[in-house]
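Participant: Generate coordinates for the entire structure from the input sequences, incorporating the hints supplied.
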Amino acid sequence: MITAPAPGGPRATTGERTAPIIEARGVRKSFGPVEVLHGIDFALRPGEVHALVGENGAGKSTLMKCLTGYQPVTGGEIWLRGEPVRFSSSDEAERAGVVLIHQEFNLAEQLSAEANIFLGRELKKGVFLDWKTMRRRASELLDELATPIDTRRPVSSLSVSQKQMVEIAKALARDARVLVMDEPTAVLTSREAEVLFEQISRLKAEGVVILYTSHKLDEIVRIADEVTVLRDGSFISNRPASKTSTDTMARDMVGRELSDLFPPKGEPRRLAPALEVERFSVPGHARDISFKLAKGEVLGFAGLVGAGRTELMEGIMGLRESAGTIRVNGDPIRVASPRDAVRHGLSYLTEDRKGRGLLLEYGMRENLTLLGLDRFSKIFVDEAAERKALDTAVERFDIRGASREGRVGNLSGGNQQKLLLAKTMLVDPDIVILDEPTRGIDIGTKQQIYRFIHDLAEEGRAVIVISSEMSEVIGLCHRVVVMRSGRLAGELTGAEITEEAIVRRAMGLHSEPLEEVA
Amino acid sequence: MSSAETRPSTPREKHGRRLDFHVWGPVIALVALVLFGMSLNDQFLSSGNVTNVLARSAFIGIIAVGATFVITIGGLDLSVGSMSAFLAGVTIIVLNALVPVLGIGWGSILVGMVACLLLGLAAGFVNGILITVGRIEAFIVTLGTLGIFRSLVIWLADGGTLSLNFELREVYRPVYYGGMAGIAWPIIVFALVAIVGEIVMRKTAYGRHAAAIGSNDQVARYSAIPVERVRLVTYMLQGMLVGIATIMYVPRLGSASSTTGLLWELEAIAAVIIGGTVLKGGFGRVWGTVVGVLILSLIDNILNLTDLVSPYLNGAIQGVIIILAVVLQRGRKGAA
Amino acid sequence: MSSAETRPSTPREKHGRRLDFHVWGPVIALVALVLFGMSLNDQFLSSGNVTNVLARSAFIGIIAVGATFVITIGGLDLSVGSMSAFLAGVTIIVLNALVPVLGIGWGSILVGMVACLLLGLAAGFVNGILITVGRIEAFIVTLGTLGIFRSLVIWLADGGTLSLNFELREVYRPVYYGGMAGIAWPIIVFALVAIVGEIVMRKTAYGRHAAAIGSNDQVARYSAIPVERVRLVTYMLQGMLVGIATIMYVPRLGSASSTTGLLWELEAIAAVIIGGTVLKGGFGRVWGTVVGVLILSLIDNILNLTDLVSPYLNGAIQGVIIILAVVLQRGRKGAA
Amino acid sequence: LAAGLALPGVAGAQDGETTTIGVSIPAATHGWTGGVNFHAQEAIDSLEETYPNLDFVLATAGDPGKQVSDVEDMMATRDIDALVILPFESDPLTGPVKRVADAGKFVTVVDRGLAQEGIEDLYVAGDNTAFGRVAGEYFKERMPDGGKIVVLRGIPTTIDNERVEAFQAAIEGSGVEIVGMEHGDWNRDKAFEVMQDFLSKNAEIDAVWASDDDMALGAIEAINQSGREADMWVLGGAGMKQMIERVKSGDAMVPADVTYPPAMIATAIRLTAARFVSNAPMEGRFIIDSVLVTPENADQYYYPDSPF
Ligand SMILES: Nc1ncnc2c1ncn2[C@@H]1O[C@H](COP(=O)(O)OP(=O)(O)OP(=O)(O)O)[C@@H](O)[C@H]1O
Ligand SMILES: Nc1ncnc2c1ncn2[C@@H]1O[C@H](COP(=O)(O)OP(=O)(O)OP(=O)(O)O)[C@@H](O)[C@H]1O
Ligand SMILES: [Mg+2]
Ligand SMILES: [Mg+2]
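Top line first, the protein sequences correspond to chains A, B, C and D. Per the working numbering, residue 1 is the first one in the first sequence, and the count goes up by one each step. Per the working numbering, residue 1 is the first one in the second sequence, and the count goes up by one each step. Per the working numbering, residue 1 is the first one in the third sequence, and the count goes up by one each step. Per the working numbering, residue 1 is the first one in the fourth sequence, and the count goes up by one each step.
Hints are computed from structural coordinates only; laboratory data are not their basis. Wrong hints could be hidden among the right ones.
Pair ranges (Cβ atoms, derived) [to be verified]:
(1) A:P72 x B:D42: 48 to 58 Å
(2) A:D382 x B:V196: 14 to 24 Å
(3) D:N279 x B:L308: 52 to 62 Å
(4) B:N96 x A:I333: 47 to 57 Å
(5) B:V196 x C:V133: 36 to 46 Å
(6) C:V27 x D:G227: 27 to 37 Å
(7) D:R228 x C:V27: 27 to 37 Å
(8) B:Y177 x D:E165: 43 to 53 Å
(9) B:L308 x C:F125: 21 to 31 Å
(10) A:R343 x B:V31: 47 to 57 Å
The calculated lysine-lysine pairs, modelled on DSBU-like cross-linking and capped at a C-alpha distance of 30 Å, are [stated by the list, open to error]:
(11) B:K203 x A:K378
(12) B:K203 x A:K125
(13) A:K243 x A:K204
(14) A:K124 x C:K203
(15) A:K204 x C:K203
(16) B:K203 x A:K124
(17) D:K148 x D:K248
(18) D:K98 x D:K140
(19) C:K203 x A:K132
Just so you know, even glycine gets a beta-carbon here, dropped at the ideal spot from N, CA and C.
Facilitator: Below you can see the structure in the form of structure tokens.
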């Protein structure tokens with residue numbers, strides 16, 4: 001039962017409910033010729049956690065930016081506490097207590113975490129900065145978020161998940177009355193997410209209104225009071241969380257029934273090992289790791305943030321200094337640079353799409369072919385072939401952009417991720433390493449991607465999936481390697497792969513001798 | 001950060017507007033200058049004057065094409081001017097030394113040319129290695145080599161002037177003053193370099209890689225681009241182009257001294273940026289650079305066409321025109 | 001891109017190592033130079049020589065402090081050298097004009113100083129407005145104003161030299177040659193400017209905003225920082241510091257000419273980068289700049305105190321030392 | 001040759017149509033060239049004043065390449081009848097100026113001779129060798145029983161070399177010993193700093209050859225600062241106003257000066273103009289010798305209204 005929006009405000013039946021704090025009334029937004037929001041109505045009420053869900057490119061971030069003054073609406077109105085407002089800048093919105101936590105990081109890389117948290121809102125003693133207080137508040141905030149990092153470290157040296165926590169701390173420091181969170185958990189492990197949820201309930205108790213979006217629907221069910229679904233820039237439905245389920249949401253989002261998320265695993269046809277890694281180390285991040293990967297197998301890597309999974313893979317790809325032996329199809333290879341790795345049939349999808357994955361200034365075509373450019377150039381780059389490749393990729397990964405030409409920086413987060421995946425697969429590798437492959441991807445597409453990974457294995461390719469989403473690891477992988485602070489903490493196969501088992505190892509509550517692993 | 005992001009206005013709109021102005025800005029400025037020149041002096045479009053202007057643009061022009069690539073990868077080369085003085089000096093020494101051996105003739109000159117090119121490559125290699133392997137800011141490295149090349153030429157010339165053997169100069173002269181089908185050689189070479197440069201930038205993997213590195217070298221690394229090698233190659237390319245420019249330059253003045261190629265680096269960089277290449281890297285446009293070079297040397301030429309202003313103020317006029325030329329593409333640049 | 005990211009090595013370790021070298025590199029270089037100087041000439045540490053070197057450094061030094069801020073916001077100011085020549089010229093004209101009015105005395109001089117400062121602010125304002133409101137690349141704007149200021153001073157001086165009224169000069173002299181507690185004024189002023197600069201950079205919101213803008217001006221804008229205003233203020237600050245430097249400079253030789261402040265811009269920028277400030281912006285360090293300035297003027301001093309090398313090669317030695325000074329902090333820089 | 005070519009120019013001037021004279025000089029990059037600029041400008045203004053049918057084209061160049069361009073432009077766009085040029089450097093300009101001469105234009109070369117004989121019709125020259133020699137001889141004479149001196153050289157150029165070599169040749173054999181020699185680039189600031197360092201380096205300096213008045217002024221400041229005015233004297237060169245003043249007033253520190261008048265450009269321009277307005281056949285060489293200015297003859301070399 002999809003309830004259409006009644007004119008003059010969301011749900012005519014809202015009479016009995018408390019007056020909204022902030023409202024969108026027929027909000028329209030166009031970028032140049034393209035309209036991406038077609039008259040959205042919806043309202044945030046005191047003391048509620050309101051979830052906004054929708055496919056990639058549905059317009060969630062755009063709507064949030066309109067609400068928080070980052071982007072001017074091109075139609076309709078924003079109402080704050082019963083009056084129409086026109087935020088000319090995010091600053092104005094923040095002064096009115098409306099704060100956005102960006103989906104894409106919004107931090108100055110060279111500045112310290114502390115500087116970023118208080119940027120533009122520095123505390124002062126007279127003319128001077130009040131270092132002490134700011135440092136203290138910063139570490140307090142980060143401690144509350146269970147991210148005990150040195151607040152003087154430049155943000156550039158933090159991990160994606162740590163950056164996300166800094167971003168959240170920055171918003172918390174601006175004592176918001178309306179806090180808008182755009183996929184805050186996309187780059188967090190479940191444990192970190194828990195920490196965030198605690199904060200959310202605390203804020204809720206303090207009467208802060210929270211607008212929240214995520215593609216992890218189970219989260220939504222847990223923390224949200226209200227759920228609004230968008231599809232292709234239009235309002236679809238609005239229900240109390242108590243009256244909805246992940247399936248209903250998914251259906252509203254995609255507009256069709258979703259069969260079960262994960263394809264049947266099937267026994268891995270134990271073929272010859274494609275990749276063997278022995279006593280492999282990445283200074284400072286991973287020590288003396290050994291594992292095997294068979295053709296047609298999906299191997300999961302689980303672990304907490306900072307476990308060093310990313311670094312390990314980057315080492316294997318020749319992106320970091322490393323020591324140890326790597327064998328591909330039995331013969332040892334020397335990987336001095338990513339180029340070597342690619343030549344030996346490896347390909348890696350980075351977890352940091354903005355910083356290391358895509359050239360935000362360039363278009364889809366240039367980005368898609370950047371990794372495999374040799375394939376498109378004899379002497380000259382064959383642009384026609386590139387375009388064809390782009391068409392195929394857009395088709396295959398269902399990349400939705402308002403236009404083909406614009407900067408990929410303007411693509412929605414999820415669609416950027418899909419483009420990145422397409423880029424990684426374009427070199428048609430035998431061994432695929434996917435680091436957080438479904439980060440920020442909507443449930444419909446997730447399903448496609450899982451199927452896609454499954455097919456890769458079926459084709460006899462070897463796949464490694466690093467994921468902080470348990471369900472993903474469990475639902476997708478034939479075998480799971482658990483890492484803990486740079487070392488192997490165990491390996492699980494088939495039926496052993498349970499959330500409980502993984503977490504125990506990840507947290508070091510369960511230790512087993514290395515032999516079993518190697 | 002790339003400057004294209006610096007406006008909050010909605011990118012695509014901006015993109016559109018930017019494109020127009022960005023593409024046509026320099027051209028409009030150039031046309032305006034030409035019209036102004038015509039209005040001032042009827043000799044302005046005489047083949048003689050046009051040839052002069054184009055031919056003398058060739059040196060800076062050829063060098064600026066290299067600078068376009070260097071700047072596109074997010075680098076900088078301040079040493080080009082004194083590098084060219086150094087190359088000219090050594091080439092002249094080599095040529096003079098060759099006279100007794102190979103005699104007065106093309107033999108000697110060809111050997112000299114090759115020497116000049118190789119030395120240029122070597123000089124670029126030095127810059128490149130220090131920047132990539134040595135991991136030193138390009139600004140510092142090339143500021144250093146600027147001083148080094150400059151004083152090497154002074155030293156070679158004993159503080160004076162190195163001059164090319166006179167008979168040999170007569171043989172060599174046509175390389176600058178001669179031409180083909182009525183077009184002077186420097187113009188032909190400049191045109192070729194520019195066209196090839198434009199193609200390399202637009203159509204080759206190398207050009208794409210250069211832009212990627214300038215735009216975000218991390219992404220480039222993760223895309224299996226041999227970042228350091230591309231950088232090194234780019235600085236060597238710059239060196240080689242300085243070599244080509246010098247080959248054209250030697251027959252023009254037949255000498256090298258402490259003042260040869262003075263401040264060419266500034267002119268080259270200015271031309272590149274007037275042409276619409278982004279100083280912080282990530283986007284380069286060779287043909288724009290060509291327009292930039294023409295604008296710069298037209299300014300000098302026009303100032304010689306009339307006695308409108310006291311020669312003391314030439315510098316001021318140049319300054320004003322340079323700024324005006326860029327105002328036309330304001331939409332684009334991220335100011336800083 | 002933050003250059004800190006460009007190495008594959010592990011962040012944490014790197015962070016540590018980098019810090020050390022990055023912080024101490026310039027200092028080590030400076031100490032090495034001093035030791036070298038001592039070993040060459042026993043006069044090197046004589047109070048006379050030390051005073052000379054420090055006092056000379058003051059002009060470039062004061063200007064370079066401003067350049068540190070300009071570069072930190074991701075900008076560039078090439079006009080400082082000729083700006084200071086222009087300021088010197090106008091100040092001298094003003095002072096000479098004041099003699100009949102206010103007579104020979106501090107009255108005139110104070111007025112002249114104020115004029116110099118205001119004009120500096122104005123000049124900086126012009127640069128700033130063109131860059132922020134005009135949205136033109138800082139490189140182009142300041143290259144343009146470089147030419148403009150330079151030829152204005154030549155024009156004012158009729159190509160020659162503007163000299164300060166002789167008696168007035170006698171009154172003014174102490175500002176450069178005099179001092180307090182045995183320390184020359186220029187040194188004192190330089191020290192003050194440097195200290196204040198360091199504090200502003202580290203301890204004020206302005207300093208932090210400057211770094212944020214240089215690091216990512218979009219983020220800065222979203223963080224409610226008045227980006228354009230901060231930029232404008234920074235260029236005006238630079239102008240004012242050029243003014244202060246000029247106030248110290250005029251009494252030294254009591255003249256201004258086409259050669260005044262020639263290439264100071266390069267020296268200033270070099271000092272800033274040797275000091276560890278990142279050319280692409282986002283991170284600035286004033287005390288590092290001071291070290292950089294001292295390194296540069298020590299090189300000249302040492303070269304003059306010894307006859308080790310042919311004077312022709314001075315430039316080469318400078319180049320080599322500049323590069324070496326930076327090699328020491330290689331861990332840090334993202335080469336390009 | 002020159003005589004033959006002279007005719008059209010004369011004719012031109014006589015039947016009242018205007019004669020264009022191109023003047024190409026180095027930009028004012030230091031004091032002396034500044035003087036050249038001033039005198040050139042002045043001569044041109046007064047001549048255009050008196051002879052309406054004379055038209056001048058003045059171009060200043062910052063480096064030889066630019067000067068070549070200027071000459072090319074004058075030929076291509078201003079069709080000059082005569083060229084007065086003070087070559088930035090002899091070698092690079094030789095070819096281009098030769099082409100002007102070959103095109104039948106009247107060529108006057110000033111100060112720096114071209115690398116080939118017989119190109120110019122008129123040569124108005126300063127004598128750099130003499131400049132160095134006169135200075136050297138003065139030192140020899142002032143220091144009969146020798147002494148320690150330091151030398152500030154100009155911008156590394158042929159001119160500077162000629163001067164310094166002549167100077168060294170002149171003091172050859174005398175007891176005058178050069179204890180320090182550095183480039184002051186004809187620049188007051190540079191000279192000031194170099195002199196400061198010479199002073200801290202050498203406890204004993206009896207005299208300074210600054211080889212240029214701009215540098216001399218810088219050096220004098222440095223000496224004053226060190227408080228060693230009494231110990232040494234300074235010989236500059238070129239005949240700058242302030243320096244001549246000091247010589248006139250018998251300043252012990254500036255006992256003399258050697259002329260190298262930038263006004264020679266004015267002379268050259270006037271002579272060239274005369275070539276067209278009167279039929280006076282102006283050919284050959286005018287060497288403007290470098291003379292020693294002493295308190296006795298200082299008055300003749302003092303031009304109060306010159307900025308130089
Ligand atoms: N600045 C922009 N210029 C042009 N198009 C834009 C811009 N920002 C967003 N878009 C387009 O608007 C549409 C909605 O984008 P938005 O980021 O709101 O999607 P989303 O719901 O946040 O998706 P995701 O879940 O992947 O983050 C997309 O098609 C995107 O390409
Ligand atoms: N405790 C820590 N202290 C400092 N840096 C850390 C810490 N934990 C992680 N990092 C940074 O984060 C990165 C490693 O964390 P990362 O999260 O990438 O590991 P991971 O095992 O890949 O986990 P995930 O991929 O799930 O984020 C490195 O870049 C490192 O600099
Ligand atoms: Mg989004
Ligand atoms: Mg990771």
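Participant: State for each hint whether it applies.
Facilitator: Comparing the hints with the structure gives:
For the pair P72 of chain A and D42 of chain B, the beta carbons lie near 54 Å from each other, so the given range of 48 to 58 Å is met. The given range of 14 to 24 Å is respected by D382 of chain A and V196 of chain B, whose C-beta atoms sit roughly 19 Å from each other. At about 33 Å, the beta-carbon gap between N279 of chain D and L308 of chain B misses the expected band of 52 to 62 Å. Look at N96 of chain B against I333 of chain A: about 54 Å separates their beta carbons, and that is inside 47 to 57 Å.
At roughly 39 Å, the beta carbons of V196 of chain B and V133 of chain C sit within the given window of 36 to 46 Å. The supplied range of 27 to 37 Å is met by V27 of chain C and G227 of chain D, whose beta-carbon atoms lie about 34 Å from each other. Range check, R228 of chain D to V27 of chain C: Cβ separation about 35 Å, and the 27 to 37 Å hint holds. Distance hint check for Y177 of chain B and E165 of chain D: the Cβ-Cβ separation is about 34 Å, which falls outside the suggested range of 43 to 53 Å.
The hinted range of 21 to 31 Å is satisfied by L308 of chain B and F125 of chain C, whose Cβ atoms lie roughly 28 Å apart. Roughly 50 Å separates the CB atoms of R343 of chain A and V31 of chain B, a value that falls within the hinted 47 to 57 Å. This hinted pair checks out: K203 of chain B and K378 of chain A have alpha carbons roughly 11 Å apart, not beyond 30 Å. Between the alpha carbons of K203 of chain B and K125 of chain A the distance comes to roughly 57 Å, so the proposed pair goes past 30 Å and is violated.
Taking the CA atoms of K243 of chain A and K204 of chain A, the gap is near 20 Å; set against the 30 Å cutoff, the hint holds. Under the criterion of a C-alpha separation no larger than 30 Å, the hint pairing K124 of chain A with K203 of chain C is consistent with the structure, at around 9 Å. With a C-alpha separation of about 35 Å, the suggested pairing of K204 of chain A with K203 of chain C is violated against the 30 Å cut-off. Proximity of K203 of chain B to K124 of chain A is assessed by CA-CA distance (about 54 Å); at most 30 Å being required, the pair is judged violated.
Between the alpha carbons of K148 of chain D and K248 of chain D the distance comes to roughly 26 Å, so the proposed pair stays at or under 30 Å and holds. In summary, the hint linking K98 of chain D to K140 of chain D is not supported, as the alpha carbons are separated by about 41 Å, beyond the 30 Å threshold. Proposed proximity of K203 of chain C and K132 of chain A is supported: the alpha carbons are some 11 Å apart, at most 30 Å.
Hint violations for this structure: numbers 3, 8, 12, 15, 16 and 18, all remaining hints satisfied.
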